[in-house]
Amino acid sequence: MRGARAYRALQDGQLVALVAERDAGALEALYDRYGKVAYSLARRIVVDETLAQDVVQEVFLSIWRDAGRFDAARGTVSTYLLAMTHHRAVDVVRREENLRRRRTTDEALEFEPDPKPGVEDDVEAAERRDQVRAALAQLPQAQREALALAYFGGYTQREVASLVGVPLGTVKTRMAAGMRKLKDALREPGREDEAEHPWSRR
Amino acid sequence: MTHTDFEQLAAGYVLGALEPDDENAFQRHLEGCTVCEASVRELEAVVGKLAYSATPVEPPPSLRAAIQREVAAAARPRGVRATGPAAGAGDVPRIHRRRWTTTLVGRLAVAASIVALLAMGFWNLSLQDQNDRYQQRIAAFEQASRLLNDPAAQTVRLEGSAGRATALVSSPQDKGVLITEDLPALRPGRVYEVWGIPKGESLNEAVPAGVFRPSRGVALVRFELPVTPTMSFGVTEEPGPAGSRTPTSNPVLAGAPTTRA
Numbered sequence: 001m002r003g004a005r006a007y008r009a010l011q012d013g014q015l016v017a018l019v020a021e022r023d024a025g026a027l028e029a030l031y032d033r034y035g036k037v038a039y040s041l042a043r044r045i046v047v048d049e050t051l052a053q054d055v056v057q058e059v060f061l062s063i064w065r066d067a068g069r070f071d072a073a074r075g076t077v078s079t080y081l082l083a084m085t086h087h088r089a090v091d092v093v094r095r096e097e098n099l100r101r102r103r104t105t106d107e108a109l110e111f112e113p114d115p116k117p118g119v120e121d122d123v124e125a126a127e128r129r130d131q132v133r134a135a136l137a138q139l140p141q142a143q144r145e146a147l148a149l150a151y152f153g154g155y156t157q158r159e160v161a162s163l164v165g166v167p168l169g170t171v172k173t174r175m176a177a178g179m180r181k182l183k184d185a186l187r188e189p190g191r192e193d194e195a196e197h198p199w200s201r202r
Numbered sequence: 001m002t003h004t005d006f007e008q009l010a011a012g013y014v015l016g017a018l019e020p021d022d023e024n025a026f027q028r029h030l031e032g033c034t035v036c037e038a039s040v041r042e043l044e045a046v047v048g049k050l051a052y053s054a055t056p057v058e059p060p061p062s063l064r065a066a067i068q069r070e071v072a073a074a075a076r077p078r079g080v081r082a083t084g085p086a087a088g089a090g091d092v093p094r095i096h097r098r099r100w101t102t103t104l105v106g107r108l109a110v111a112a113s114i115v116a117l118l119a120m121g122f123w124n125l126s127l128q129d130q131n132d133r134y135q136q137r138i139a140a141f142e143q144a145s146r147l148l149n150d151p152a153a154q155t156v157r158l159e160g161s162a163g164r165a166t167a168l169v170s171s172p173q174d175k176g177v178l179i180t181e182d183l184p185a186l187r188p189g190r191v192y193e194v195w196g197i198p199k200g201e202s203l204n205e206a207v208p209a210g211v212f213r214p215s216r217g218v219a220l221v222r223f224e225l226p227v228t229p230t231m232s233f234g235v236t237e238e239p240g241p242a243g244s245r246t247p248t249s250n251p252v253l254a255g256a257p258t259t260r261a
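Note that the protein sequences, when read in sequence, are chains A and B. Residue 1 is where the first sequence starts when you use my numbering, and the numbers rise one by one after that. Residue 1 is where the second sequence starts when you use my numbering, and the numbers rise one by one after that.
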């Protein structure tokens, strides 16, 4: 283990390589970078604090056990880690159907309009959030709703169709169009080759 | 389905929102389609960014501490004496890593990974899909839980071109469970087959233990065969749906039990 400062200088991919060599400090450094966003996502999906903590703990321990599974050719560390967080949180929601009943549909259905004022936040995470929210704001309401139900609600396309009251084909079209627009809006010109998340460049 | 239909499914796929039929169809298509594969990668990156739209919530310090604790427990050196001065220096970390699944911590880690895998397995089941597959997975999970609690059961690590897997086997009970995590998807009409190979025998003497198709790389396969404590295990790709009587290809995964310290 080296000092915390040494880890901060490393890129995400280098941290994962160290984790694969059983370097606990590297895992902690990854947690310091992504623990908060992972927890925020898990909380948003499962609502319950304890379950959200379980999800995040599982994600980081699974990276600890199986860092070798991360394939840099497939995407960045942040994509991998947050996708895993999403999968597991959605899985919890699907198993615990009562979680869904506990929240009102409005909560589940929409991406949140604004962060609550006064929330301490990382500047770069805040920038990223603004960017994603601006991209979401450009989508037609029906597309945004379909994506939110799937992403935060953990609903399948057929479930979304019956909740919204439209045919399954319409939901498929809406999700495809919505994702395509988000992809275009979030494209970072000239940064395609930069495999790592901005946080890794500290 | 036309290619355009598949292109449209990519969004639902990366969101994990496809119905099982669509998901299976899309996965098969994905193997041969570089266009859709590229599209899935791009969309996965978008899904990763969506996480940032959630309102930031500070995790409790206890979460960081809990992760640290678990990691420290798993990282603590064990069995250093057993490697001895005679062992080649280069071999030490390897031996070390191989032994860890036979320890209690290793056992717990296997238990945790089974729970995680089960979760991933259920990921593919829609709420309406509580049918045979569901029952089979429950049965496999129960068998895995029983084996984990059985002190006579052994953990066998399998490795190979197809990644890694873990088998829990019990010689007294002649039963086992194979847990895979990231097996490559199969072409239509092909299956994976599990084999037990008695010590000293060639692949031709392998005993078939069942066939399976992973879902998103994940499988929890229950099997019964005359297990001996030194038996090694392998997985090959075979013609489906029934598999073969003897292996017709080289194993994509194989492993022998590590001797207990």
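These are computed hints drawn from the structure, not numbers from a lab. We put the beta carbon where it would ideally sit given N, CA and C, even for glycine. Please note: incorrect hints may appear among the correct ones.
Cβ-Cβ distance ranges computed for the label pairs, FRET-style [claimed, not checked]:
no.: 1; chain 1: A; residue 1: D32; chain 2: B; residue 2: D182; range: 22 to 32 angstroms
no.: 2; chain 1: B; residue 1: A25; chain 2: A; residue 2: A142; range: 19 to 29 angstroms
no.: 3; chain 1: B; residue 1: P229; chain 2: A; residue 2: T50; range: 20 to 30 angstroms
For each hint, the structure was consulted:
1. A:D32 - B:D182: 22 to 32 angstroms: holds, 27 angstroms
2. B:A25 - A:A142: 19 to 29 angstroms: holds, 25 angstroms
3. B:P229 - A:T50: 20 to 30 angstroms: This hint is violated: roughly 41 angstroms between Cβ atoms.
Checked against the numbered hints listed earlier, the structure breaks hint 3 alone; every other hint is satisfied.
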